[in-house]
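Throw the hints in and build the complete structure from the sequences for me.
Listed here are the chains, written in short residue letters.
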Amino acid sequence: MTTKRMLRTAVTVTVAVVILVALWEGYKWVGDQTGGTWPGTTVDLPVTSNDITMPHVGDIAGELFDDIRAGRQTMPMTLYLAKKAAVTFLEATIGFTLGVVVGMGLAVLMLRWRFAERGLLPWINVSQTVPLIALAPIVVTWARLQGYPDMFGIALISTYLTFFPVAVSGLRGLQSPDVDHVELMRSYAAPWWATLVKLRLPAARAYLFPAFKLAATLSVVGAIVGEISIGTKTGLGRAILDFAQRYAVWPERLYASVIAAAALGLFVFGLVNGAEWLVMRRSRQVAG
Amino acid sequence: MNATSDVAVVVDGVHKVFGGAGADDVTALAGIDLAVVPGEFVSLIGPSGCGKSTLLRLIGDLLEPTAGTVTVFAKPAHQARLDQDYGMVFQHPGLFDWRSVAANIELPLELHDWSKADRSARSAAMLELVRLEEFGGHYPRQLSGGMQQRVSIARALSFEPRLLLMDEPFGALDEMTREHMQGELLRIWRETETTVVFVTHSIPEATFLSNRVVVLSSRPGRISSVVKVDLGDRTDDTREDPEFFRIATEVREALRAVEAGE
Numbered sequence: 001m002t003t004k005r006m007l008r009t010a011v012t013v014t015v016a017v018v019i020l021v022a023l024w025e026g027y028k029w030v031g032d033q034t035g036g037t038w039p040g041t042t043v044d045l046p047v048t049s050n051d052i053t054m055p056h057v058g059d060i061a062g063e064l065f066d067d068i069r070a071g072r073q074t075m076p077m078t079l080y081l082a083k084k085a086a087v088t089f090l091e092a093t094i095g096f097t098l099g100v101v102v103g104m105g106l107a108v109l110m111l112r113w114r115f116a117e118r119g120l121l122p123w124i125n126v127s128q129t130v131p132l133i134a135l136a137p138i139v140v141t142w143a144r145l146q147g148y149p150d151m152f153g154i155a156l157i158s159t160y161l162t163f164f165p166v167a168v169s170g171l172r173g174l175q176s177p178d179v180d181h182v183e184l185m186r187s188y189a190a191p192w193w194a195t196l197v198k199l200r201l202p203a204a205r206a207y208l209f210p211a212f213k214l215a216a217t218l219s220v221v222g223a224i225v226g227e228i229s230i231g232t233k234t235g236l237g238r239a240i241l242d243f244a245q246r247y248a249v250w251p252e253r254l255y256a257s258v259i260a261a262a263a264l265g266l267f268v269f270g271l272v273n274g275a276e277w278l279v280m281r282r283s284r285q286v287a288g
Numbered sequence: 001m002n003a004t005s006d007v008a009v010v011v012d013g014v015h016k017v018f019g020g021a022g023a024d025d026v027t028a029l030a031g032i033d034l035a036v037v038p039g040e041f042v043s044l045i046g047p048s049g050c051g052k053s054t055l056l057r058l059i060g061d062l063l064e065p066t067a068g069t070v071t072v073f074a075k076p077a078h079q080a081r082l083d084q085d086y087g088m089v090f091q092h093p094g095l096f097d098w099r100s101v102a103a104n105i106e107l108p109l110e111l112h113d114w115s116k117a118d119r120s121a122r123s124a125a126m127l128e129l130v131r132l133e134e135f136g137g138h139y140p141r142q143l144s145g146g147m148q149q150r151v152s153i154a155r156a157l158s159f160e161p162r163l164l165l166m167d168e169p170f171g172a173l174d175e176m177t178r179e180h181m182q183g184e185l186l187r188i189w190r191e192t193e194t195t196v197v198f199v200t201h202s203i204p205e206a207t208f209l210s211n212r213v214v215v216l217s218s219r220p221g222r223i224s225s226v227v228k229v230d231l232g233d234r235t236d237d238t239r240e241d242p243e244f245f246r247i248a249t250e251v252r253e254a255l256r257a258v259e260a261g262e
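Those protein sequence lines, which keep their order, are chains R and Z. Residue 224 in this note's numbering is what sits at position 224 of the first sequence, and the numbering runs on without skipping anything. Residue 201 in this note's numbering is what sits at position 201 of the second sequence, and the numbering runs on without skipping anything.
Don't take each hint at face value.
Here are the computed lysine-lysine pairs in the BS3-like style, where the Cα-Cα straight-line distance is at most 30 Å [as the list claims (entries may be wrong)]:
(1) Z:K75 to R:K198
(2) R:K233 to R:K213
(3) R:K213 to R:K198
(4) R:K4 to R:K233
(5) R:K198 to Z:K116
(6) Z:K228 to Z:K75
Label pairs and their in silico Cβ distance ranges [said to hold, decoys possible]:
(7) R:V126 to Z:S115: 48 to 54 Å
(8) Z:V37 to R:T2: 58 to 64 Å
(9) R:R112 to Z:V37: 38 to 44 Å
(10) R:P191 to Z:V7: 56 to 62 Å
(11) Z:A121 to R:L266: 47 to 53 Å
(12) Z:A121 to R:I138: 55 to 61 Å
(13) R:D178 to Z:G31: 56 to 62 Å
(14) Z:T238 to R:W192: 27 to 33 Å
(15) Z:V37 to R:W192: 34 to 40 Å
Since the hints were made in silico from the structure, they are not lab data. Even for Gly, the Cβ is constructed at its ideal location relative to N, Cα and C.
Here it is, written out as structure tokens:
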């Protein structure tokens, strides 16, 4: 059953990749044939199909396995990117963890006091409209002045993105139990915290895991943006910045680093999926 | 059973008004006086919106009366709730999906800080009482509606409350399951010697189960009459007993009088 599902997933992913590659290369081919216009017209294609804007898929893939010089040593691009991604992953993990703690804390606070919900919720929403690029130097400068390593400042920027879905969905989840269930706990004279732990938190899980998945991918985005804005020496953000500056001569490398960022996003998403499967396994059981 | 209290529940001059002060006020209950003796099975019946569920919630201190007092085992209802003198069963079983059947039954015991060993011993005994011995490890969604409601009854009785408050517990069940559950409830009631206050809108159900049927009128809810039921030990044959029909008719007449009076 599980192997069948894994097989189906593998086939779906392969087909999706093949279609994507075919579309990319097909578009380039059409552009080459017509000189950059829609076939039979003089209307320009929306994106130039030359090898700088759209390198061949094969070249990007080749770049992933070509060697790159990093300092005094030489290593394959995949290993180079994996090393950078490991740093970003650590920052994102710290950011995600802090984001979950802060988000859940806010959700519980808003659940406990209606005035906290009225007072905090608008600010929580407004917080996400502040441009990250403007916020990053403030956070990082503050962190440096406090004597924290840059990694922590970057993690804080990641936290800024991740706490939001957790707080909003967490509050909805904590408020989700039926009146019947709440009345039942009241009939047991259960104190507030017992209702929280035995009823509201377990009931909130169905709302929290989708938020965790969103937060996990956002934590990677936050970490990369944080790395770029403070000019850190390592991490995927650094690699993307370096390759972006040399894009005009070596576009395949930027594409390779973007693929690495996407892979890291998928990886953290998968981790949360796995955690969800472990936690929700028992309550998913149905007749059979 | 507490020897000092010869009355289980006393409702004295209770009014309940919903809404603040103003024209939108709804008087749910007016001038309710009711006494229930220990070991008695009392049903509250009336047209929908008559406040029978409200009355049950007032006894359980899930609502507070606007005027009047509710006394449970010679204590204010609030104290009785804190002392866990009653168990409550709602129309929906209200089991927690993420807990096994046994863990659901143990929920109130966990809240009362029972030890793990005591909890599992009690939940095993409760599963036996409601005849679901093999289902302790199952999850609620694996059970039928009737079985879920039996778990809910086991949960309500797990800490041996002296009073059981039931709000249309069999309302969502099909007729045959419902009759079976009524028989089971009477058996459990006899075995545990619990006092039961039972809300229903079914005339045969109220007649079959109760020592007394309290008929409420609506808007505002008042007690319009009380029908005494003396059918001795109920069996399935009781449902076809002429005396059963006579009392059911009496309850029906009382309800019709209520509806005609509106």
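Hint check for L266 (chain R) and A121 (chain Z) - Cβ pair distance inside 47 to 53 Å: Taking Cβ atoms as reference, A121 (chain Z) and L266 (chain R) lie about 49 Å apart, which means the hint holds.
Beta-carbon spacing of V126 (chain R) to S115 (chain Z) - inside the hinted bounds 48 to 54 Å or not: holds, 50 Å
Satisfaction of the hinted span 38 to 44 Å by the C-beta atoms belonging to R112 (chain R) and V37 (chain Z): holds, 42 Å
T238 (chain Z) versus W192 (chain R) beta-carbon gap, inside 27 to 33 Å or not: Given a distance of about 46 Å, which is not inside 27 to 33 Å, the answer is violated.
30 Å Cα cutoff - pair K198 (chain R), K116 (chain Z): holds, 16 Å
Beta-carbon spacing of P191 (chain R) to V7 (chain Z) - inside the hinted bounds 56 to 62 Å or not: Distance hint for P191 (chain R), V7 (chain Z) is violated at roughly 30 Å.
Pair hint outcome, K4 (chain R) versus K233 (chain R) [Cα-Cα no greater than 30 Å]: Between K4 (chain R) and K233 (chain R) the Cα gap is close to 44 Å, so the pair fails against 30 Å, i.e. violated.
Agreement of K233 (chain R) and K213 (chain R) with the hint, judged by alpha carbon distance not exceeding 30 Å: It holds: about 28 Å lies between the C-alpha atoms, which stays within 30 Å.
Given pair status - K198 (chain R), K213 (chain R), alpha carbons within 30 Å: With a Cα-Cα distance of about 24 Å, the restraint between K213 (chain R) and K198 (chain R) holds, given a limit of 30 Å.
Verdict for A121 (chain Z), I138 (chain R) (Cβ pair) under range 55 to 61 Å: holds, 60 Å
Status of the given 56 to 62 Å range, CB of G31 (chain Z) versus CB of D178 (chain R): violated, 32 Å
Pairwise hint evaluation, K75 (chain Z) against K228 (chain Z), where the allowed Cα distance is 30 Å at most: At roughly 27 Å apart (the allowed maximum being 30 Å), K75 (chain Z) and K228 (chain Z) satisfy the hint.
Checked against the numbered hints given earlier, the structure breaks hints 4, 10, 13, 14 and satisfies all the rest.
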